[in-house]
Amino acid sequence: MIALLVRDLRLAFRAGGGFGLGLAFFLILVVLVPFSIGPQSALLASIAPGILWLGALLACLLSLDRLLALDFEDGTLDVLATAPLPLEAALAVKGLAHWITTGLPLVLAAPVLGVLLNLPAQGFGWLVVSLVLGTPALSMIGTFGAALTVGIKRGGLLMSLLVLPLYVPTLIFGAEAARRGAVGMAVETPLLLLAGISLGAIALLPFAAAAALRMTIR
Amino acid sequence: MIPDLGKYAEAVLGAYGLSLLLLAALLILTLRRGKKARAALRRIEEETARHGKG
Amino acid sequence: MSLWEYANPVKFLALSARVQPFAWAAAAIGIFVGLAWGFFATPDDFRQGSTVKIIYIHVPAAWIAINAWIMMLVASLVWLVRRHHVSALAAKAAAPVGLVMTVIGLLTGAIWGQPMWGTWWAWDPRLTSFLILFLFYLGYIALWEAVEDPDTAADLTSVLCLVGSVFALLSRYAVLFWSQGLHQGASLSLDKEENISNVFWLPLVVSIGGFTLLFLALVLYRTGTEIALRRTRALGVRLDRHT
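Protein chains in written order, with my numbering: chain P, 453 to 670; chain L, 76 to 129; chain V, 197 to 439.
What the hints contain is simulated information worked out from the structure, not anything from laboratory work.
Since we're looking at a predicted model, the values are computed, not measured.
Note that beta-carbon positions come from the ideal geometry of N, C-alpha and C, so glycine has one too.
Just so you know, not all the hints are guaranteed correct.
Using 25 Å as the maximum straight-line C-alpha spacing, the simulated SDA-like pairs for lysine to any residue come out as follows [what the hints assert, rightly or not]:
#: 1; chain 1: L; residue 1: K82; chain 2: V; residue 2: V395
#: 2; chain 1: L; residue 1: K111; chain 2: V; residue 2: A430
#: 3; chain 1: L; residue 1: K110; chain 2: V; residue 2: V395
#: 4; chain 1: L; residue 1: K111; chain 2: V; residue 2: V215
#: 5; chain 1: L; residue 1: K82; chain 2: V; residue 2: A306
#: 6; chain 1: L; residue 1: K110; chain 2: V; residue 2: D436
Footprint (simulated), chain P over chain V, 3 or more residues, beta carbon under 8 Å [as the list claims (entries may be wrong)]:
#: 7; region: 297 to 309
#: 8; region: 335 to 348
#: 9; region: 368 to 375
One chain only, chain P, in its complex shape:
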């Protein structure tokens, strides 16, 4: 398991592995927001949590194509499917690797980009907490989406169509927690619900993803 994780991380960090693309996308998206809605700092401050959450979500989505597609093409997935390690565990590890290479950098970059959007000072902590709790769900749901569409030619757009509706609850609770944090309201409820979604996704979706993958590479 650890060997698989190390392999995936190494592949991602290698030149051309796509690490950093998601981050760069996140940065550009956040920079474009003031251009599209104007530079009024009060307005930016009020939408900052939502924009940062949406940006992180889209950056996450962008990197999902690569999650399984390359392994599918070179046959690694066939090996994994017949390996002693259960496919469920392998996919959970892949989700974890995706989170470490995409989710975690996004979490770390979000406060910096929050400055650009004039996020209120009290909101930074809660923004990071909500992203830490929510991005694992995004990675796991994404792994499921990737497993569903891995056998389909040009499945990238289709995967977005499938994954985005699944992201709705995570986005609602995550952005709500960050928004409440930014205006100084109580954040426990959305944070707890967000954590619940993440835990549920981590516990159950590897099974759904493995089932979908077995159907494709049967």
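Position chains L and V against the provided structure of chain P, taking the given hints into account.
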């Protein structure tokens, strides 16, 4: 014949018209696809039967 | 491609052929009576005026939109557990019907909302949930179209339907939570049957019954279409092999 719908006539008639239009479209598409599929099946079944004998 | 194309589908088609005439006729009568009764013979509501007549389409469409998804969920489960092909095809056949009903629900809601709430669209929990349901239908249908092998397509869409149902339910509660933070729910809701009087309720029930029968008839017919397409495909493969 048509009851007095008052100032909301447009909304009510529009809602009914649009909905019935959508339902009709669904029906027509369903029937057309169904007819085509059944015709294709009949053709290929006849062909298979001929192959079976010949 | 062995027994399935013969044993189960044949029984299904025989039953379907027997039921369908009644279903179509009853659906036509139910919808005609329900809508005509509602349109011509019910009084206006004292608050909503004649727009109250829209519910005779709006509520049945919404009812089918939700129940079509539930039916697809059950059919998907049957396919995953028992591998009855008819079941998978019935789920596929129901999806576009559910999609159209969702659109009708959203459109009639918007038309009703314009004079009543003063806006075509509000991010009210119920409206938002329906929009999300619409997206789920789109994704489900798109996945069916995208996978070439029919059995794999049935497998993958079934899994999507299961997972999607869980997330659709989650979204429903998430949206309730989210929208309460912004504004109160709908101030006028007709969906609660307890605050609706018999004058409106009876034609509504007839209309809901008519729509449900229409759904049944459509799904039976469309499932027959899918079976014909699958059989054509199977026979085509066999012919190619012979020639």
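Examine the region 297 to 309 of chain V for residues whose CB is less than 8 Å from any CB of chain P, and state whether their number is three or more. Violated, because only 0 residues of the region 297 to 309 of chain V bring their Cβ atoms closer than 8 Å to Cβ atoms of chain P.
Would the pair K82(L) and A306(V) pass a check requiring their Cα atoms to be no farther apart than 25 Å? holds, 17 Å
Examine the region 368 to 375 of chain V: at least three residues should have C-beta closer than 8 Å to a C-beta of chain P. holds (count 5)
Taken at face value, is the distance from the CA of V215(V) to the CA of K111(L) at most 25 Å? holds, 22 Å
Does A430(V) sit within 25 Å of K111(L), going by the straight-line distance between their CA atoms? holds, 17 Å
Given pair status - D436(V), K110(L), alpha carbons within 25 Å: holds, 24 Å
Restraint check for K110(L) with V395(V), where alpha carbons must lie at most 25 Å apart: violated, 41 Å
Check the hint pairing K82(L) with V395(V) against an upper bound of 25 Å on the C-alpha distance. holds, 22 Å
So is the region 335 to 348 of chain V in contact with chain P by the C-beta rule, three or more residues under 8 Å, or is the coverage claim wrong? holds (count 6)
When held up to the earlier numbered hints, the structure conflicts with 3, 7 and fits the remainder.
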